[in-house]
Amino acid sequence: MADAYAYYPGCSGLGTSREYEQSTRAICRALGIELRDIPDWSCCGSTPAHTVDHVFSAALSARNLALVEDLGLETVITPCPSCLTNLKVASHRMHDESFFNDVNALLDKPCGNSVAVKSVLQVLVEDLGPEAIRDKVSKPLAGLKVAPYYGCIMNRPPEIMRFDDPENPTAMDTILQALGAEVVPFPLKVECCGASYGVARKDIVMHLSGKLLDLAQDNGADAMVTACPLCQMNLDLRQGQINSALGRDFRMPVFYYTQLMGLALSIDADELGLNRLNVNPKRALHRAEQRLKERERQQAEKEAKRQARKSEREASAA
Amino acid sequence: MECLKLDKTYDAEFVNQVMAESQQDPAWCYQCGNCSAGCPYTFVYDLPVHQIMRLLQAGQKETILRSRSLWLCATCESCTTRCPNNIDVARIVDVLRHMARRHGYITEKDVKRFNDSFLESVKKHGRVFELGTLVKYVARSGKFWTDIELGPKVMAKGKMTPKPHDIQGKDEVAKIYNRFMGEEK
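As you go down the protein sequences, you meet chains A and B in turn.
Residue 313 in this note's numbering sits at position 313 of the first sequence, with consecutive numbering throughout.
In this note's numbering, each residue carries its 1-based index in the second sequence increased by 318.
Looking at chain B on its own, in the form it has when it is part of the complex:
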């Protein structure tokens, strides 16, 4: 067990920011553990979700943001649906993941690589180009064998188009990205 010196390590600014961005109050959590009991991902988490909630109450920014769990949550909404205090736990985890990304805590690099490849494809074409996303992911991760055995199957079934479906308004979509990044007004 680890002892925390809360008078020295409680990060009030962090807690306030999570509350503002998620519009949730972590103080409502009374550690019943329902979220972790129902979470299908507990088996791969380094911190189970109820511990993330407790660490959030204790203002432990660093410990939370470097947790791999944030990148492995699939937002399946079990925790949110089952929280007896109606805390939108999945929304809190999503907000923590946004913060981890902004602060550069990338503890599951391949998950981020996949998400980035997906979003870049949408920015470029307006709709996601599945094959292009996979190719980009493979190039970035260096894992050239990823799903290679599925290639012939999806091709034979006509389930993967070799060309992207560019939409006319793809510039409008790209502008959403650029405005979000502050690169365009």
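Only chain A is shown next, with the shape it has when bound in the complex:
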């Protein structure tokens, strides 16, 4: 593992995904991953920028890559898949000389394009590893059934993202299992949630995110787990709108995977921003506890019966 990683939180971390930002920092601290803040970082331009022009979009990202170069660090990591995509695509396209020159012509301070870009999730899985995470778990999430939802762009296209499987990613599954949670099958792992159309074309998000909630519920999940601020907002904050639009009654909590990691590492719930989730997760966590107790009760019953049979056999033999 590297000594320290430059850390790019992304704009939503200051607002709508504050709990992702809080919980990411909390688990990195607990796991000994040093995050170095990038002084005066700016917005990557997100989706709106790349729909206007690719050089313009890359320049907004490259300003930040240049700041990381100033820090003298080799790798920048970000929790947000939209930031990740923009930073990675910029870096990928800047390997072309004329694109590189066009981008730098828009910048005050040139970017050498020498920095590697990864997600926080990639560092957790590849640099730290699920075993090291399992070793630190003090409150296993046993009994909790979760549907891991990755969103569309964290792994795609594979030639640029170079992490995990583009159709059936398993990085979060692996971590959630290391935490003791039960991962339910979720075939729509990389299907789009409706992205940023929540404002201008709400009907799209209602339809697409509604499908995701429906599948998670059908497959018996107590909660969904995401790694993306936009997915989380569509599924959690907009769940009431989805219920009204589709005539449903979903009450599905949607965690950031970092929040569940924090719970398993015994970090305080407030420090993980659990109180900022729109759909209260208490019911789901309680259900998981009850399920675990019921399993333990059944197990004890079985054991008692086995013991009883054993004593019976011993008595009849004597």
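Treat the hints as calculated values from the structure; they're not laboratory data.
Glycine residues also receive a C-beta, built at the ideal position from the N, C-alpha and C atoms.
Do not rely on the hints blindly, as some may be mistaken.
[Stated by the list, open to error] Below, simulated DSS-like cross-link-like pairs (lysine-lysine); rule was C-alpha separation at most 27 Å, straight line:
| no. | chain 1 | residue 1 | chain 2 | residue 2 |
| --- | --- | --- | --- | --- |
| 1 | A | Lys202 | B | Lys461 |
| 2 | B | Lys493 | B | Lys454 |
| 3 | B | Lys442 | A | Lys211 |
| 4 | A | Lys202 | B | Lys326 |
| 5 | B | Lys503 | B | Lys461 |
| 6 | B | Lys326 | A | Lys282 |
| 7 | B | Lys471 | A | Lys202 |
| 8 | A | Lys282 | B | Lys475 |
| 9 | B | Lys503 | A | Lys211 |
| 10 | B | Lys461 | A | Lys109 |
| 11 | B | Lys441 | A | Lys145 |
| 12 | B | Lys488 | A | Lys109 |
| 13 | A | Lys202 | B | Lys488 |
| 14 | A | Lys109 | B | Lys442 |
| 15 | A | Lys202 | B | Lys503 |
| 16 | A | Lys282 | A | Lys145 |
| 17 | B | Lys493 | B | Lys471 |
| 18 | B | Lys503 | B | Lys488 |
| 19 | B | Lys475 | B | Lys493 |
| 20 | B | Lys461 | B | Lys427 |
| 21 | B | Lys503 | B | Lys471 |
| 22 | B | Lys488 | B | Lys471 |
| 23 | A | Lys202 | B | Lys430 |
[To be verified] Among the chain A residues that face chain B by a calculated CB cut under 7 Å, a handful are:
| no. | residue |
| --- | --- |
| 24 | Cys43 |
| 25 | Pro48 |
| 26 | Phe56 |
| 27 | Ala59 |
| 28 | Cys152 |
| 29 | Ile153 |
| 30 | Pro157 |
| 31 | Ala195 |
| 32 | Asn278 |
[As the list claims (entries may be wrong)] Simulated coverage check for chain B against chain A, where a stretch passes if three residues somewhere in it have a Cβ under 8 Å from a Cβ of chain A:
| no. | segment |
| --- | --- |
| 33 | 372–380 |
| 34 | 457–471 |
Model the placement of chain B on the given structure of chain A, informed by the hints.
Using the frame of chain A, we list chain B on its own:
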């Protein structure tokens, strides 16, 4: 079904420009339909993505650029990931959207209003100011009820800051915009 007179309507300059800007060759597309099958947005598209590819092969600039589909693509990368001929379809659609914007074909006005509000916020503050972006969008679209019911929820949870986070280097960010627009060197 519509018949196209390709000898009269094929726009070679348009096709060449799309190829240059996307660095992709649409001729590789053999219309298997994988892109449209996997596209989560086909249900709201006027032209499914494989038809856009076919129309591009046929050089049909006008029909493509006025398609609402260009503005509704979320760049989810399903088409690119699943194309058996390794065409970066999402990049082509993005380039077509750039051209539609430049030529004034704005067929989903609210989508453009939202994107513009977002980018203006970044230009002004260096980082996007979420509340400011929404307020600007509402003012432009006239849709004053947009997400109004979410307001109390995000405020109570401390998830929407009432003030922007201006960075020190916001002028550097604004200069990226101005240089891109040719307004500054």
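> Given the proposed pairing of B/Lys503 with A/Lys211, does the C-alpha separation stay at or below 27 Å?
Replying inline: Violated: B/Lys503 and A/Lys211 sit about 48 Å apart, past 27 Å.
>> Does B/Lys471 sit within 27 Å of B/Lys493, going by the straight-line distance between their CA atoms?
In response: violated (36 Å)
> Within 27 Å, alpha carbon to alpha carbon, are B/Lys503 and B/Lys488?
Replying inline: Given pair B/Lys503, B/Lys488 holds - Cα atoms ~17 Å apart, limit 27 Å.
>> For a C-alpha distance cap of 27 Å, please report whether B/Lys488 and B/Lys471 respect it.
In response: violated (30 Å)
> Holds or violated: A/Pro157 as interface residue toward chain B, Cβ cutoff 7 Å?
Replying inline: holds (5 Å)
>> Would the hint linking A/Lys202 and B/Lys488 be met if the CA-CA limit is 27 Å?
In response: Distance of about 31 Å is beyond 27 Å: violated.
> Does B/Lys503 lie within 27 Å of A/Lys202 when you go C-alpha to C-alpha?
Replying inline: violated (40 Å)
>> Need the status of pair B/Lys503, B/Lys461: alpha-carbon distance at most 27 Å?
In response: Violated: B/Lys503 and B/Lys461 sit about 38 Å apart, past 27 Å.
> Quick one, is the A/Cys43 hint okay against chain B at 7 Å, beta carbons?
Replying inline: holds (4 Å)
>> Given the hinted pair B/Lys461 and A/Lys109, is their Cα-Cα distance within 27 Å?
In response: Violated. B/Lys461 to A/Lys109 sits at ~40 Å, over the 27 Å cutoff.
> Is it true that the CA of B/Lys493 sits at most 27 Å from the CA of B/Lys454?
Replying inline: holds (22 Å)
> Taken at face value, is the distance from the CA of A/Lys109 to the CA of B/Lys488 at most 27 Å?
Replying inline: Since the Cα atoms of B/Lys488 and A/Lys109 sit roughly 14 Å apart, the hinted pair holds (cutoff 27 Å).
Taken one by one, the earlier hints fail for this structure at numbers 3, 4, 5, 6, 9, 10, 11, 13, 15, 17, 19, 21, 22, 33, listed in ascending order.
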